[in-house]
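Now that you have both chains on their own, put them together as the hints suggest.
One line per chain: the protein sequences are S and A, in this order. If you're matching positions, the first sequence starts at 1 in the working numbering and goes up one per residue. If you're matching positions, the second sequence starts at 351 in the working numbering and goes up one per residue.
It should be emphasised that the hints constitute simulated quantities derived from the structure, not laboratory data. Check the hints yourself; a few may be wrong.
Stated by the list, open to error - Listed next, the stretches of chain S that the computed footprint assigns to chain A, with coverage defined by at least 3 CB atoms under 8 angstroms from CB atoms of chain A:
id: 1; region: 114 to 122
id: 2; region: 136 to 145
id: 3; region: 253 to 266
id: 4; region: 288 to 301
Positions of the beta carbon are idealized from the N, C-alpha and C atoms, including for glycine.
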Amino acid sequence: MRFHPGNPFFNFFFRGRCIWALLASLFCLTLVSCALPQKKTAVPVVKPPASNTRIFDDFVAVIVQPKDTLASLAATYLHDPSKGWFIAEFNEIAALKPGQVVIILLKPYNRGGLSPSGYQTVPVLCYHKFSKTISDRMTVREKDFEKQMCFLHENGYRVISLDQLFGFLDFKDQIPNKSVVITIDDGWRSTYDIAYPILKRYNYPATLFVYTNLITGSSITLSWDLVKRMYANGIDMQCHTKTHRSLHWKREEESFRQYFDAVQTELNESTRVLKKQLNKGVRYLAYPYGDTSHLVIEVLKKRGFRAAFTVKRGTNPFFGNRYRLFRSMVYGSYTLKDFKRNLKVFASFK
Amino acid sequence: MRQDATNNHWWVARVCPGLVFLLGILFFQACAPPPPSREIPVVRKDPFHNILPIYRLKARQSENAQDLPMAIFCWHIVESFRPDDSEAKAEIQRLSSRAWAEAQKHYARGLKYLQEKRNRKAQDDMLMALFYNRDDRNALDVLQKDFFPPETKPYHVKKGDTNLSIASKLYHDPKKEFLVAYFSDSGNSNSPAPGEILRLPIVESAPPAKKPRPVTSIQKAQTLFKKKKYREAISLAENIVAYGPSSAARKVINASYYALAMDAFHSGRLPEAMKLFGMVNSDYEKTSDYIRRIANQLRVRADYHYKKGVHYFLDEKLAKAISEWEITLRLNPEHAKARADLKKARTMLKNLNGMQ
Chain S
1 MRFHPGNPFF
11 NFFFRGRCIW
21 ALLASLFCLT
31 LVSCALPQKK
41 TAVPVVKPPA
51 SNTRIFDDFV
61 AVIVQPKDTL
71 ASLAATYLHD
81 PSKGWFIAEF
91 NEIAALKPGQ
101 VVIILLKPYN
111 RGGLSPSGYQ
121 TVPVLCYHKF
131 SKTISDRMTV
141 REKDFEKQMC
151 FLHENGYRVI
161 SLDQLFGFLD
171 FKDQIPNKSV
181 VITIDDGWRS
191 TYDIAYPILK
201 RYNYPATLFV
211 YTNLITGSSI
221 TLSWDLVKRM
231 YANGIDMQCH
241 TKTHRSLHWK
251 REEESFRQYF
261 DAVQTELNES
271 TRVLKKQLNK
281 GVRYLAYPYG
291 DTSHLVIEVL
301 KKRGFRAAFT
311 VKRGTNPFFG
321 NRYRLFRSMV
331 YGSYTLKDFK
341 RNLKVFASFK
Chain A
351 MRQDATNNHW
361 WVARVCPGLV
371 FLLGILFFQA
381 CAPPPPSREI
391 PVVRKDPFHN
401 ILPIYRLKAR
411 QSENAQDLPM
421 AIFCWHIVES
431 FRPDDSEAKA
441 EIQRLSSRAW
451 AEAQKHYARG
461 LKYLQEKRNR
471 KAQDDMLMAL
481 FYNRDDRNAL
491 DVLQKDFFPP
501 ETKPYHVKKG
511 DTNLSIASKL
521 YHDPKKEFLV
531 AYFSDSGNSN
541 SPAPGEILRL
551 PIVESAPPAK
561 KPRPVTSIQK
571 AQTLFKKKKY
581 REAISLAENI
591 VAYGPSSAAR
601 KVINASYYAL
611 AMDAFHSGRL
621 PEAMKLFGMV
631 NSDYEKTSDY
641 IRRIANQLRV
651 RADYHYKKGV
661 HYFLDEKLAK
671 AISEWEITLR
681 LNPEHAKARA
691 DLKKARTMLK
701 NLNGMQ
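Extracted from the complex, chain A is given alone in its bound form (with noise of 0.2 angstroms):
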């Protein structure tokens, strides 16, 4: 007994110490917090993930087409949402300096052609500098002031000048002396104070040499008119207005389009009496009735040649209704009916023919 006894003892001993030790192991295991980093990750969807690959796509398509500002602005975009974008950061700082050195580039050979008077060269270029640098201003300056022929003159005022003497110097007529006054800041004053600059409007002594009016030619084209010789009247009269308003050549004009217009319509031809009314002025003499009259006419004319057609179509005589048509398009261009029909007898005569 005693020795089942001993060797019962010699078990809980080999045993119970590492079950105690086991348990007591567990048992901390189990009342131990959790390790930060084992943290259960919680995933935010952002609405706007999408978006970034799209702008940075964007931004490489916008450098490889030149266009660095907005390639430039995409990748703000990408930054703006993701403030620790190191290639963003990068991106930004590598095609800024490039376009401000191109705009540098360009604003450089800009003014190396204006010097040589190559303006539309020279324009190119300062506008390629402000695409590179919108706020560039000196190239906005140029752009917006070099190119102009100027309005002005400038007078620098010496001692002694007057309004006088200034307009004698740049206008050779001293009787323009109210011009000097009014442009310049001294206003009614007599005489500007010396060393301003005063920027005095270039004034033509005459019209153009190019453009001199033609005085006596008006009385040509009235003759003309007069002799019946309407196409001669109305080209020296167009030639007269070209040069400037003038209500007499206006009514040469009129007067011999009309009396044309008149002509034709006389004499049925519908569709040039039609045109040449076009060019009359619409409330001169009756135009407007006449062209009311020709207009119902040539509807009516219209509508006898598309009936023509209806009947020539029905008898299957697609060449000659394609004919009637034709002319019916030709008084009235918007027979819509005509035009319709027509189309489907080009159609149906063009499959006839591949058929033969």
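For reference, chain S alone in the conformation it holds in the complex (with noise of 0.2 angstroms):
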């Protein structure tokens, strides 16, 4: 069946008025579908960006804002703000600049300071007394001590508490790559007079090794009141015996018996009177002269002693025998250079 002008559907369509009506309609739909929201061209739409922080189970990634320090993201993530010196050694940067991405590890990266090519040590530095104007084997003038302190700073040292270095040498926790401890002995006045408003202008922690029978408050040596004080300030207070005694050497007139006691008395009597005016435990003892033996060693560990220092000269790995520390002693004729010589961080394989 053609459609011509004969046949009836033709007729039906093209001789009514139906066919221009159905032709008009079809083509405003045509218009109405095409005047509907098209497809727009391929531009990516920017949402606005993500957090600032993406946190993970080991480590959080921060892009840095203009507010933003080492130590403030050290208090927020790692919940101390001394600790931006972890963040900026793995970013290996010195400091932050906005914009920029830092990862913040949630756990050491690098417990003993081991590398490919050797192992970190700490230098342990050893003060005895300071005077304004005065050097000689035990005492460090005030501007030596100064320099000293500034050459520490300025060259990216970082003095750090014997509990943090404990936490090294048990091999849990990280410390910087240079660190270094601050020890002085005896209890001498000028502790107080020169070293520590020193030591507080760089915000150093330092520990100082008191033998108790020396707190007498004369002129020369520090009184509690002192020793109170700058507890409070920073400076850890911890056991060098009751009288100085080398613990080692049994005098001539004693008996063994008479020797061990006195030993004995060394560490009880200064461990109690430190208890009772600081109220706190101690855990760590500078021999004095440096002096030490298995026995004494032995006594050390039985009474709870978690560590002591000799004055042998050295620096110290996480291994190293933790009754037998090395300390270096800073004496009062040492230029920067012996200084230097003492602080070394990092000993290579053979």
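This is the structure in structure tokens:
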């Protein structure tokens, strides 16, 4: 059947007006459908940036904001503002720049300071007396001490506390690559008058090993009030015996039993007095004259001492003998060059 | 007319079905929903996108530097951002196996060296084992225990042993039974339990032979001091102090240096006197006073030489000015002006010589 003028369907469509109405409505529908929202060209739609922080199980990635500092990030994510160095060292940066991405590890990544070429060591410096004008073997001039602390500050060394050192020695915590410990022996007044203000200025922790009989408050020795003041302001106090007698040497007039009892008294009394005055337990000892022996070490272990220091020059790796730790005395005659020689912070494999 | 009408209808008959069909197609296409694949892409700009190439690079650099643990960690960072990154997954697996194998190799070699008593080499290998596997408790135990000389001797308690008999056997001194009681778990009991292993400290029976305490030497040092042989007295007394604390020896040292310093002071050798007083304890006699006096005198002398140097400088006698300022600095190393002027004068003299 052809669709031509003779066909009845043709007549139905074209002879009537229906065809025009149909065509007009189809045309309108087409126009309307064309007017509906069209597909847009493929221009990417940029949504607002994601959060500035991504938190994973063992690290956090942060985009640095203008107000951020290493200390503020450490306070936020590591709960310790003094751990800014930890962020700086992993990201190999000295300071933060806004917009920079930093990775903050939530646990130590290099316990023991090990590397393919060697291992970290920690120098422990030992001072005794200070003076404004005079220097001798045991006395360091104020100006020299200031220069030494300034040298540490300007050359990227970080002074850590004894507790931090023992976190490292226990292979539990990581410490800054260039860590140094400062200790002062005995309890001379110049520690408070000269060393303490300088340490405070640099915000350096230090440990004072006191022999308790010296704390008399005379013109040249510390008083307990001064000891307490320093202790309250970041200077740790530890044991240097009661009378500063050598724990190793038995006196000629003593029997072995008397000598052993004397060693016990030296330790008992000093820890008792420190506990009474500062309400703190004592965990570390500096041997008077640096002298020790197998017997003394075993007594210390039995009495719960965690470690003890000699005055044998050297620096300490994490696997060092913690009852014979090295400590380098800083003499009054030291130049900065001499001082520097005692700051070895890395030992290479042979 | 009829012919015209027929012609018109022919045109309509040819074109209209096509037109209707086309319009229908257009209509249906317009109404049809867009295919899902043609959805408009929405790009979320990842602010961390830069970090991935950095840590990929760092991982490769660390591997090249043999720092496998760091390389593994860098890949771990990449994987944390892109959990579907197959390269990161594969690298972590490969490097972890390699690090584990290295740790095993070094630990085994370390043990071998330890048996051969080549401690330094053993230590280095144990450290490497621990470097590749920080959780290697065995390597850590060896490092923290096996390289130190023992502080104690083990003693296996036998039936019938008492503190007294153990002290006699171990220390050859029954009087040391209190030591056995102190270090054994038996406390004050006289006999430790059979089978118990006691770890008793090694006790040197006498001070080491190398370091006999020179009892008579202090008298000798004192005699030398009385004879005004100060240098010899110092040398002997310092030897005594090296063996252990001795207040008598310390006194000889202080007194001898003090005497030498006084002699230098009265002879006008002030720099030498200053140095010698520096060797004396500052609270010894009038040491502090003398040091202050000498320091003042040295400052005055230094100023005198400095001014003399200035005169020479103004007279264009550079060599003489330099010499004066060198003396100034010898007398007072902290004379800042002399130091600065000396530097300038030396540069000027060098330039002048160069011009000639």
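In ascending order, which of the hints set out earlier in this document are inconsistent with the structure? none
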